[in-house]
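Chemist: Residues per chain are reported as follows:
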Amino acid sequence: MAQTSVRAVAHHAPPQGFVRKYIFSVDHKVIGIQYLTLSLVAAFVGMALSWAMRVHLAWPDVRIPLLGWLSPAGAPGGVMTPEYYLSLMTMHGTIMAFFVLTAAPFAGFGNFMLPIHVGAADMAFPRLNMSSFWVTFVGFLLACATFFIPDGPPLSGWTAYAPLSAVGPVAGPGQGWGQNLWGLSIAMFCIASLLGALNFIVTTLDLRTKGLKLSRLPLATWGWFIDAWVSLLAFAVLLPTCLLLVLDRLGGTSFFIPGGLVFNDQLQPHSGGSPLLFQHLFWFFGHPEVYIIILPAFGIVSHIMPTFIRKPLVGGWKVITFSEIAVGTLSFVVWGHHMFVSGMSPYMAMVFSVPTLFITIPSIIAVLVWVFSLYGANIRFATPLLYSLGFISLFISGGIGGFFLAQPSTDSYLHATSFVVGHFHFTMGLSAIFATFAGFYYWFPKMFGRMMNEKLGKLHFWITFVGVYCIFMTMQLTGFAGAVRRYSALVDDFMIPLIPANRFMTVAALLTGAAQFIFLYNAIWSRFKGRKAPDNPWGATTLEWDTTSPPPFDNFGGRQLTVYHGPMEYDGEASVMQTSPEASVAGT
Amino acid sequence: MSSNRELTMSSYVGLGVGLMLIVGLEVILTYQHLATRTLLFSLLCLASLEGFVAIMYLMHVKYERRILFWTVFPATLFVLIFLCYFFPDAFRMASMRLLK
Amino acid sequence: MNQSELMIALSELAVATEHEIQMEESPYGIDKKKLGMWIFIVSDACTFGAFLFAYGYMRIGAPVWGTPFGFSSIMNGMVMTAVLLSSSLTMLAAVRAAQSGTKALAEKWLAVTMILGAVFAALHLREWFKLFGEGWRLFYNPTGGAQQFGATFFSVTGLHLTHVVSGIIALAFITRGYNQGHYDESHVETAGLYWHFVDLVWMFVFPLMYLMNAR
Numbered sequence: 102m103a104q105t106s107v108r109a110v111a112h113h114a115p116p117q118g119f120v121r122k123y124i125f126s127v128d129h130k131v132i133g134i135q136y137l138t139l140s141l142v143a144a145f146v147g148m149a150l151s152w153a154m155r156v157h158l159a160w161p162d163v164r165i166p167l168l169g170w171l172s173p174a175g176a177p178g179g180v181m182t183p184e185y186y187l188s189l190m191t192m193h194g195t196i197m198a199f200f201v202l203t204a205a206p207f208a209g210f211g212n213f214m215l216p217i218h219v220g221a222a223d224m225a226f227p228r229l230n231m232s233s234f235w236v237t238f239v240g241f242l243l244a245c246a247t248f249f250i251p252d253g254p255p256l257s258g259w260t261a262y263a264p265l266s267a268v269g270p271v272a273g274p275g276q277g278w279g280q281n282l283w284g285l286s287i288a289m290f291c292i293a294s295l296l297g298a299l300n301f302i303v304t305t306l307d308l309r310t311k312g313l314k315l316s317r318l319p320l321a322t323w324g325w326f327i328d329a330w331v332s333l334l335a336f337a338v339l340l341p342t343c344l345l346l347v348l349d350r351l352g353g354t355s356f357f358i359p360g361g362l363v364f365n366d367q368l369q370p371h372s373g374g375s376p377l378l379f380q381h382l383f384w385f386f387g388h389p390e391v392y393i394i395i396l397p398a399f400g401i402v403s404h405i406m407p408t409f410i411r412k413p414l415v416g417g418w419k420v421i422t423f424s425e426i427a428v429g430t431l432s433f434v435v436w437g438h439h440m441f442v443s444g445m446s447p448y449m450a451m452v453f454s455v456p457t458l459f460i461t462i463p464s465i466i467a468v469l470v471w472v473f474s475l476y477g478a479n480i481r482f483a484t485p486l487l488y489s490l491g492f493i494s495l496f497i498s499g500g501i502g503g504f505f506l507a508q509p510s511t512d513s514y515l516h517a518t519s520f521v522v523g524h525f526h527f528t529m530g531l532s533a534i535f536a537t538f539a540g541f542y543y544w545f546p547k548m549f550g551r552m553m554n555e556k557l558g559k560l561h562f563w564i565t566f567v568g569v570y571c572i573f574m575t576m577q578l579t580g581f582a583g584a585v586r587r588y589s590a591l592v593d594d595f596m597i598p599l600i601p602a603n604r605f606m607t608v609a610a611l612l613t614g615a616a617q618f619i620f621l622y623n624a625i626w627s628r629f630k631g632r633k634a635p636d637n638p639w640g641a642t643t644l645e646w647d648t649t650s651p652p653p654f655d656n657f658g659g660r661q662l663t664v665y666h667g668p669m670e671y672d673g674e675a676s677v678m679q680t681s682p683e684a685s686v687a688g689t
Numbered sequence: 004m005s006s007n008r009e010l011t012m013s014s015y016v017g018l019g020v021g022l023m024l025i026v027g028l029e030v031i032l033t034y035q036h037l038a039t040r041t042l043l044f045s046l047l048c049l050a051s052l053e054g055f056v057a058i059m060y061l062m063h064v065k066y067e068r069r070i071l072f073w074t075v076f077p078a079t080l081f082v083l084i085f086l087c088y089f090f091p092d093a094f095r096m097a098s099m100r101l102l103k
Numbered sequence: 006m007n008q009s010e011l012m013i014a015l016s017e018l019a020v021a022t023e024h025e026i027q028m029e030e031s032p033y034g035i036d037k038k039k040l041g042m043w044i045f046i047v048s049d050a051c052t053f054g055a056f057l058f059a060y061g062y063m064r065i066g067a068p069v070w071g072t073p074f075g076f077s078s079i080m081n082g083m084v085m086t087a088v089l090l091s092s093s094l095t096m097l098a099a100v101r102a103a104q105s106g107t108k109a110l111a112e113k114w115l116a117v118t119m120i121l122g123a124v125f126a127a128l129h130l131r132e133w134f135k136l137f138g139e140g141w142r143l144f145y146n147p148t149g150g151a152q153q154f155g156a157t158f159f160s161v162t163g164l165h166l167t168h169v170v171s172g173i174i175a176l177a178f179i180t181r182g183y184n185q186g187h188y189d190e191s192h193v194e195t196a197g198l199y200w201h202f203v204d205l206v207w208m209f210v211f212p213l214m215y216l217m218n219a220r
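Protein chains in written order, with this note's numbering: chain A, 102 to 689; chain B, 4 to 103; chain C, 6 to 220.
Don't read these hints as lab results, they were simulated from the structure.
Please note: incorrect hints may appear among the correct ones.
[Unchecked claim] Covered stretches of chain B, going by a simulated chain C footprint (3 or more residues, C-beta under 8 Å):
id	stretch
1	21–31
2	40–49
3	58–65
4	71–80
5	89–95
[Claimed, not checked] Listed next, the in silico DSS-like pairs over lysine-lysine satisfying Cα-Cα at most 25 Å (straight line):
id	chain 1	residue 1	chain 2	residue 2
6	A	LYS419	A	LYS314
7	A	LYS311	A	LYS419
8	B	LYS65	C	LYS37
9	C	LYS38	B	LYS65
10	A	LYS314	C	LYS38
11	A	LYS122	A	LYS633
12	A	LYS630	A	LYS559
13	A	LYS630	A	LYS556
14	A	LYS630	A	LYS122
15	C	LYS108	C	LYS37
16	A	LYS311	C	LYS37
17	C	LYS38	C	LYS108
18	C	LYS38	C	LYS113
19	C	LYS38	A	LYS311
20	C	LYS37	A	LYS314
21	A	LYS559	A	LYS633
22	A	LYS633	A	LYS556
All C-beta atoms in this analysis are idealised placements derived from N, C-alpha and C, irrespective of residue type, glycine included.
All chains, full assembly: derive it from the sequences and hints.
Modeler: Pasting the structure below:
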């Protein structure tokens, strides 16, 4: 096999009009920023929803005037009905899981950085890339539109369990057009993710510059590449799931609806379907999905850490990458642990439980790599590193809960308690958010050519870090005490003693959420008024730091790049750029 | 794999006829009144054979680098094999139904 | 620099400049469009797979399934298979012709492929309308068996039909671009890959949806 191939690369002049430059742009950098902006908006929407829910849980009688305005039926006088609580919860989950956690670390940073990391001028299919974003955008608008239709957003949760999600308006408010729009929105998100994943895979494999062997890929790129494969296979199964759900709803079929089902005293005209089939199909996607969310986080953290600890990760690129591959592969065979109490075959419980415990092994290896790498390092505590360390901490704290939930015996008790909610907020939600923050603080200078304010960054970190522990550790503990998730009020005898804990969580959530405005202020202020960023402010070695901040339209100005080293050439103060022909200092 | 010379157009026509013969065989099998399970198994085997031939020759994988084969097949089969985890519940569904 | 040199320099700035950059070779050694199509096929195969598994699940779980297809429907299905298979061969001929540079011949074979695709779609719809005429619906089984037959049959074959129709549209698009010189033989080859995949899926859909449901 020949080492290199010569390709004619056409360098087009950058687009001039405003629309081609900033809106319907095919430039991966603009698309990356568009994704990040979409996620930022979605994150604040999702956060506002969680605030409303938390306030209602702690003080059920408090009026929230904005909600009363948004939905006079769902929140008469600003006090939400139990159904509207479920609607808010559904949209919080949907918006956060899809449009924030899946979109930001993967599509956002991946789009901006992946082509630069491999030394390419753009993605393999720029126009496909643009359509991915706009399809996601329309999907997001459809999801948000559910708030403004008469019966409001669906109430079946982000998992949209059938038959509740499948029978139609009779199942409650939001189960008419709200659920239809939800299905359509997620189907569009699937298509966009599939096209995006395809683009990432081909770009990584085909557009690497001379000398950039797979063993020299930056670790963030590895994360996105592995993640693209997992997305490609997982979203391919969610798409038919959405289509079949929509057929049940609009076509009158009974894939997911059993016979003899009575909703609101009405016998449903369906027979022979299986709600379990929906759960299987959904979780066949849904479990890989949580790894779709976390794998880019693994990559981003592994990419950022060596820069600030000034040494390569323990085990080089191989250990961390192979544990990511193992996590990605195993993620497809564990989905049944979401279904231990669903009525699934009890024999299958064991079949799913064992690989679930196995998947902790590569996860723990990755954690050990990060932690051991800190040993003897000359650490620079910049905000991106703080967030990376925060990620590791949250991932461990949440991951330990996984052992309880992986076993049918303990899960039977903990299933559908707030223990689960705390667990997945730690492992998937907050870990990915922290890695996204790490990436944001790390790459902001490259993306916008300005440095972010370190003091505000650290303040944001400490409030957020302490705040999320207050919220979700308490949530896990109330789960042990039996608090049922998705209840809109704590009225049962055994849950009344948990009200003070819930008030504590609510206060913590309000404060932690408010701290996000420090971040927003920091980002906006720095974008316009921040210190001008040099090309390589962190003394890093990968290709994105080998171009101007922000990079020109074709990323490297048509230069021939040759890569000589791996991505982790750090030895204390000394470091060697990947493109530098100097001798290696870390032997990677 | 990549060292082999590509088939001529007439060989491809022969291949198409061969595939059609397999389809004919499938139809014949259908009318042998086999047990559903046996019929399903034989049809799936024949269809997989057809699919394999189509991927290797019509879709040209035989003449590409071997790594393409080792990318496409494991990724797809991985998903299709693990989707079989659904079936224990499908069999239970038949016996656990309240309304027959 | 005289005026003509200046003009040349300016024109080079204005239009796209092209130069050569050395890159790592793709591990697959194929065109990136073709690799992209392969990746798409992997994902699409999983989508079809999920539909077929849902069908299997419904069928195993159904107390009475019912097998509606008479011999005439099976024959119709066989003709459809033959048509789609021949269209794969004509597609292959088109790719061959495009690769050897005989553009007119390639376009001719592409046209034949599209016509065969359209015939397939027509036969397909005829089968559908025949079933509609007998009272089959997405949600109704006139023989009194499981109502999932219509749901699974129409959704699986409908998804396949959608692929065929979008394939015809894509081929028409590619043929036009190829004719006008925007596209080259690699585009034809990539479209061919998709077309063969649609054929490949039918090789599973026909035995599973038709033969397994023969009376």
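Chemist: A separate judgement is required for each hint: does it hold in the structure or not?
Modeler: Right, here's what the structure says about each hint:
1. 21–31: holds (count 6)
2. 40–49: holds (count 5)
3. 58–65: holds (count 4)
4. 71–80: holds (count 5)
5. 89–95: This one holds; 5 residues, not fewer than the three required, reach chain C with a Cβ under 8 Å.
6. LYS419(A) / LYS314(A): 13 Å, holds
7. LYS311(A) / LYS419(A): Status holds; Cα separation ~21 Å.
8. LYS65(B) / LYS37(C): Answer holds: LYS65(B) to LYS37(C) is near 18 Å, not above 25 Å.
9. LYS38(C) / LYS65(B): Given pair LYS38(C), LYS65(B) holds - Cα atoms ~19 Å apart, limit 25 Å.
10. LYS314(A) / LYS38(C): Distance of about 21 Å is within 25 Å: holds.
11. LYS122(A) / LYS633(A): 23 Å, holds
12. LYS630(A) / LYS559(A): Satisfied, since the Cα-Cα distance of roughly 19 Å is no more than 25 Å.
13. LYS630(A) / LYS556(A): 15 Å, holds
14. LYS630(A) / LYS122(A): The hint holds at about 23 Å.
15. LYS108(C) / LYS37(C): 23 Å, holds
16. LYS311(A) / LYS37(C): 17 Å, holds
17. LYS38(C) / LYS108(C): 20 Å, holds
18. LYS38(C) / LYS113(C): 23 Å, holds
19. LYS38(C) / LYS311(A): 20 Å, holds
20. LYS37(C) / LYS314(A): 17 Å, holds
21. LYS559(A) / LYS633(A): 20 Å, holds
22. LYS633(A) / LYS556(A): 17 Å, holds
In this structure, none of the earlier numbered hints is contradicted; all agree with it.
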